[in-house]
Amino acid sequence: MAISGTVQKTETVPIVSSSDVVLVRQRVRIWTTEMKFSLVEQTKIVTAASELGRNTLEHGGGGSLELALVVNGARQGLRLRFSDKGPGIVDIALAMKDGYTTGSGLGLGLGGSKRLMNEFEIDTKPGDGTTITTIRWK
Amino acid sequence: MERIPILRMGNYLLVTIQVDMHDKLALTLQDDLTNRIIEANAKGVLIDISSLEIVDSFIGRTLANIASMARVLDAETVVVGMQPAVAITLVELGMSLPGIRTALNVESGMEYLRETVEDHEESDGDFGDSTED
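So the sequence lines, in the order shown, correspond to chains A and B. Using this note's numbering, you'd call the opening residue of the first sequence number 1 and step up by one each time. Using this note's numbering, you'd call the opening residue of the second sequence number 1 and step up by one each time.
Treat the hints as calculated values from the structure; they're not laboratory data. There's no promise every hint is true.
No farther apart than 20 Å at their CA atoms in a straight line, the calculated lysine to aspartate or glutamate pairs in the EDC-like style are these [said to hold, decoys possible]:
(1) Lys114/A / Glu92/B
(2) Lys24/B / Glu58/A
(3) Lys114/A / Glu41/A
Build out the structure end to end from the sequences listed, making use of the hints.
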């Protein structure tokens, strides 16, 4: 099922270097604070953003994050969409598995950030980049 | 180049991470600490992460690497001051930081290091001049 909701406000953060991953964390922190998420929720969202931002940089060769305030009925959520033009993910099920990595990491990025968020969707084609859309509802 | 300062106090090295570290800075800290353990003949390393608002898998792995490298170099590592929200998030992320000794604050962390190092030490400790940089 597609992730839906009316978009109210967006911001885009480019991800081209490892200091941009820090910027991603800072911008996501500011959004979660403004949206009045609890401290634990803020920490989860920022941590997920850090994992996914690093993936965009390391596996996708760079890309961007779009933050969006989405409203679905009475619910408000923060949507994070990470896009890159990298090699794409060949086997999504395998990539989601804890401990599986093609890089030098621990392989916790995708599976771990899915657990930290409420909705999680991967759109990828081998050779044609990856877009990961994830939402945490309030 | 940007660096996290490492303080020496007797046989111990103390690090307080007060900035949001990008990955390269974390790796630099790992290298610097390993070198300082040898230079200072350190027996214990205390890393204060009470200012860190998140610990993701990369930072977690760096902390685990530091602890392993220190152990190989005959030094104990203790990580202190993790915020509760960070602990909750780390476990949900799938990282329980095995192999890392933690303590609630600097005081109990130092107490742990002293006890452990004393247990291991038979000969005289070099509690000479403290230096910092």
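Consistency of the hints with the structure:
1. A threshold of 20 Å between alpha carbons decides the hint, and for Lys114/A with Glu92/B the separation of about 10 Å falls inside it, so the pair holds.
2. For the proposed pair Lys24/B and Glu58/A, the alpha carbon gap of about 13 Å is at most 20 Å, so the pair holds.
3. Our distance criterion of 20 Å between C-alpha atoms is met by Lys114/A and Glu41/A, whose separation comes to about 14 Å.
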